[in-house]
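Please build the complex by placing chain B on the supplied structure of chain A, with the hints as guidance.
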Amino acid sequence: MSPNLTLAIIAGALVACGVYLITERSLSRILMGVMVAGNGVNVLFLVASGRAGGPPLIGVTPKDQMSDPLPQAMVLTAIVIALATAAFLVTMAYRSFQLNGHDEVQDDVEDARIRALAEADEASDSFEEIRFSDTGADVVSE
Amino acid sequence: MSNLLPLPVLLPMLGAALTLLLGRRPRLQRAVSILTLVAVCAVAGSLIWITDTSGVQALWVGAWAPLGIVLVADRLSALMLTVASLVTLTVLIYATGQDEEEVRRETPVSIFHPTFLLLSAGVSDAFLAGDLFNLFVGFEILLFASYVLLTMGGTGERISAGSIYVVINLVSSLLFLTALAVIYAATGTVNMAQLGLRMADLPRDVTLPIQLLLLVVFAIKAAVFPLSFWLPDSYPTAPAPVTAVFAGLLTKVGVYAILRTQTAIFPDSPLTDLLGWAALATMLIGILGAIAQSEIKRLLSFTLVSHIGYMIFGIALATQASLGGTIFYTAHHITVQASLFLVAGLVERVGGSTSLDRLGGLATTVPLLGVLFFIPAMNLAGIPPLSGFIGKLGLLMSGVEVGTPLAWALVAGSVLTSLLTLYAVAKVWSRAFWGTPVLGPHTPDDVREGQAGRLPGIMVGGTAALVGLSLVLTFAAGPLYGYVDRAATSLLGGSYLEAVLSGVAR
Chain A
6 MSPNLTLAII AGALVACGVY LITERSLSRI LMGVMVAGNG VNVLFLVASG
56 RAGGPPLIGV TPKDQMSDPL PQAMVLTAIV IALATAAFLV TMAYRSFQLN
106 GHDEVQDDVE DARIRALAEA DEASDSFEEI RFSDTGADVV SE
Chain B
314 MSNLLPLPVL LPMLGAALTL LLGRRPRLQR AVSILTLVAV CAVAGSLIWI
364 TDTSGVQALW VGAWAPLGIV LVADRLSALM LTVASLVTLT VLIYATGQDE
414 EEVRRETPVS IFHPTFLLLS AGVSDAFLAG DLFNLFVGFE ILLFASYVLL
464 TMGGTGERIS AGSIYVVINL VSSLLFLTAL AVIYAATGTV NMAQLGLRMA
514 DLPRDVTLPI QLLLLVVFAI KAAVFPLSFW LPDSYPTAPA PVTAVFAGLL
564 TKVGVYAILR TQTAIFPDSP LTDLLGWAAL ATMLIGILGA IAQSEIKRLL
614 SFTLVSHIGY MIFGIALATQ ASLGGTIFYT AHHITVQASL FLVAGLVERV
664 GGSTSLDRLG GLATTVPLLG VLFFIPAMNL AGIPPLSGFI GKLGLLMSGV
714 EVGTPLAWAL VAGSVLTSLL TLYAVAKVWS RAFWGTPVLG PHTPDDVREG
764 QAGRLPGIMV GGTAALVGLS LVLTFAAGPL YGYVDRAATS LLGGSYLEAV
814 LSGVAR
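Residue numbers (our numbering), protein chains in the order written: chain A, 6 to 147; chain B, 314 to 819.
These aren't lab readings, by the way, just hints derived from the structure by calculation.
Just so it is clear, the structure is predicted and the values come from calculations on it, not from any experiment.
We treat Cβ as the ideally placed atom computed from N, Cα and C, and that holds for glycine.
Check each hint, because a few of them may be wrong.
With beta-carbon atoms standing in for the labels, derived distance ranges [said to hold, decoys possible]:
(1) Gly64(A) - Leu341(B): 45 to 55 Å
(2) Cys22(A) - Trp377(B): 32 to 42 Å
(3) Asp518(B) - Ala18(A): 22 to 32 Å
(4) Gly64(A) - Asp581(B): 42 to 52 Å
(5) Thr468(B) - Ala123(A): 22 to 32 Å
(6) Leu525(B) - Ala123(A): 28 to 38 Å
(7) Val351(B) - Val85(A): 26 to 36 Å
The following block holds chain B by itself, in its conformation from the complex:
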């Protein structure tokens, strides 16, 4: 069954090539890219089932064991892959709705689909990579696609936001490459399973710089404080579907990489204190930034930074329960954050702006939009019984179980962050959705004819599907939590190592 593993990378790449050829035929192009992502979702879904029933799957591409590229899927990567591809699919549906309505005027549509599919291929590659160099290549694929998507259209605002993003990521890629050179010099391999064995034999003053270098690289990608400053500057200017998929996926790829390297390569040195303090600072400083914003997209970018802290919290404690909590929270947060950014895009369409000063009364003019915002917003704040509450509860319980002063500080910090998140989204709600309706770009005639509240059906459908997905995570939380518990157990148990290196010289 491990022959399925290359498909989530290969299918979007083939799709990208096809859609590039079909640039002049937008309808066919859209059909191809949607079909491709549906196929990726199907493969990823079956990987969940396969990894859960028959264990970790590993495939040495071209049978160059133990030197070549290995693709590995365990429960963690299968879950991440599935959630990521479902989110990409719904965002793509939203984007096709937007194509029909407006984007054609301002951006070259013909390159949107190929780039978007390449982004998906890069994300899949990063989730499946079994060696650090392939992880690097996966990162580069998704980063290059993201550079193009972020600066699409080349307006002044996007170029200046894009230059911050591009330069930051180039520096982090350089650091990653340096880390790879150092790792190869120290161990003679970049395969994560082999590294897990060989790092244990090295003295601590060799492994510590390597671990810190990798953590810095991935913390830049995941936007962990103090390496998070670039995110709120670069995300909000992009088109809504692009911001949504960036917010949902790109930072989570960084979190996944931290989770994977910490458990597979450095299982004996979790660096609890360092990561714990970083998590605390990320949560609090991120959410304080969010409170100060008066623009929905910027506010959401800061809540994104803040909630990355929760995932780092779980990784820092490095117990089975806390890792399970992190995995669940990551899956939850991908769907919720992406749907909030999609809603912000819809708000911009209806109200002509995402600034809270220029919005008002959306709940009366467009009640459906109110519902679509309210559910993920409450979910983000962690109101029971939604999945955000379940994820936070899991993390809090694991923190209490560990019981060190730092763990208690993290528990207190995450409760406070949760309350402040509620304050931030309630502020959006009371200023944009309640109050007297503001006309925005519409004339009073539009309002009378019901034009002002009109939303394109496909865009609403995409957003509703994503909100629905987050509700599925809530309703299926029982079996899902069982699954992430097993995923966390196998992360700590070394079955990854066994599966990759079975029948291979170590």
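Chain A with its partners taken away, still in its complex shape:
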């Protein structure tokens, strides 16, 4: 099998654009990125299916000129899944917009806290210093 160079280049370009968009912060751009990269991968399946050919129906196309139907079935499944993905992400972006006025993926709260603590050069909340007093009760200072 000799791969189709044009399709391979198209797949590469689509995936590259998609990856660039996925690294953005806004959910709607991530959605675009996932769709574009997903289409790139779908094109990759066409490369994988080999030489283009006629419809794989017995009696319509001679056996050696048929195209391979399996990757097409897989791409079809992937497209259906991509549709559901798009619907869900749009809903989530809209809900995020309703709640926050934007649809950006937020900073990780824990990360932000640790960074703030590191800048202030302090110990974290969960750091506990335990001293044992004479009364037998242990004293936890926070």
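Frame of chain A; chain B shown alone:
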């Protein structure tokens, strides 16, 4: 008997359709979903017996051999299926208890049951899939159900946690799809048994990228370091039953997929070093993260990451003993981690919070809760004679048997992780369960009338059933360990391949 194989996938799907129709009649809806899962448990249990007595079962759905979908159950998938469906059932019982008490106010109950059943169908499909594309579809079913469950109610916190989870999983699905395209281009099939035959003929520089791509995909799902960062950010915000079933099952589906692809498709190249170091880093970094937490659910999420390392440890060594240890440990860890998250949900109900700073004295106010936490916590840390100890012992012994420097490093790392796990759960115990009782959301009057320590019976029943299941794993450890040993032998022995491809053009 192989005609039983589609049932664990079909039954929950039918149940999901029915419960969706019954959205306005909550009682009937609950009855349908519980009955469905009981039936799935029965089927899965009988599959254990069938696979153990008459070998690997394979079913070409629609008889499209060797092109179509094949469902395969060997001892490993039957065991995973049974444990998974039992855990799903107990968590569902817990969730129905919670429905009656509170959830109706904050989440649309009518979609909880259909989504939960679809999650179960996806998990079953992933365990039974005999080809990689069907595995992908199984993953997508369970992921979509999990997206809905995680963001259920649509509060700001859940949406922001959910967006991390959804984006990470979309990227991993894209990588999976890419891997499938590459595999099909290289071999002309996605059937795992055929791949096992054909990969052997390909040059190493073709198979290595494929293997690494698949490992990255499954490592994201299983939360193996350094691909584990998303888990502690997204799990803790969901409702307790959802977190419990995610923690119990979803990461284990990833572990199962690694185990299956490593043994069925790439039996000759276990990538011992890479997986071994990943396992070591997962164990240590996960547990160090857990120690730093002061919130029970986050702490449990980090212990979850850490203990995934044990399973990868066994897969990395790829001997019969270590694979047996991994299978046993996976079954044990599904039950224990899920029950700990259910207990965290109960703690939140009683104490109004899961932050260790706002809890105290639970062992005096609610002694039963103390017992329910103590058993799985000790089990997680691996205190003898509980099943966690048996699983860890099996893995350690297999590591010593291999005896390479890396294996010794893994043995040392897992002992250290086990000790630090004990430290982490002991910290929860001493700060939340001992000390002076903190009233939480209750008034002193509630305490006097005994209201503060009141727990809904069904929720406690569900949790107790799950803790009981983990004890069953302990008491039945002898026969069970024999079973997982046979499972590991058949994983390495190629009986999977024989059963799938018997009478089929290769």
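Subject >> Outcome for the supplied range 26 to 36 Å, where the beta carbon pair is Val351(B) and Val85(A) >> reply: Given range 26 to 36 Å: holds, Cβ gap about 31 Å.
Original post:
Is the distance from the Cβ of Asp518(B) to the Cβ of Ala18(A) consistent with 22 to 32 Å?
Top reply: At 25 Å between Cβs, range holds.
**OP:** Hint says 22 to 32 Å; check whether the CB-CB distance for Thr468(B) and Ala123(A) agrees.
**Re:** 30 Å, holds
**OP:** Please test the hint of 45 to 55 Å on the beta carbon pair from Gly64(A) and Leu341(B).
**Re:** Check passed, 51 Å falls within 45 to 55 Å.
Subject >> Whether the CB-CB distance between Cys22(A) and Trp377(B) falls inside 32 to 42 Å >> reply: 36 Å, holds
Original post:
Is it true that Gly64(A) and Asp581(B) lie within 42 to 52 Å of each other by Cβ?
Top reply: 43 Å Cβ-Cβ, so the 42 to 52 Å window holds.
**OP:** Kindly confirm whether 28 to 38 Å is satisfied by the beta carbon distance between Leu525(B) and Ala123(A).
**Re:** The hinted range 28 to 38 Å holds for Leu525(B) and Ala123(A), with Cβ atoms some 34 Å apart.
The structure meets every hint from the earlier list without exception.
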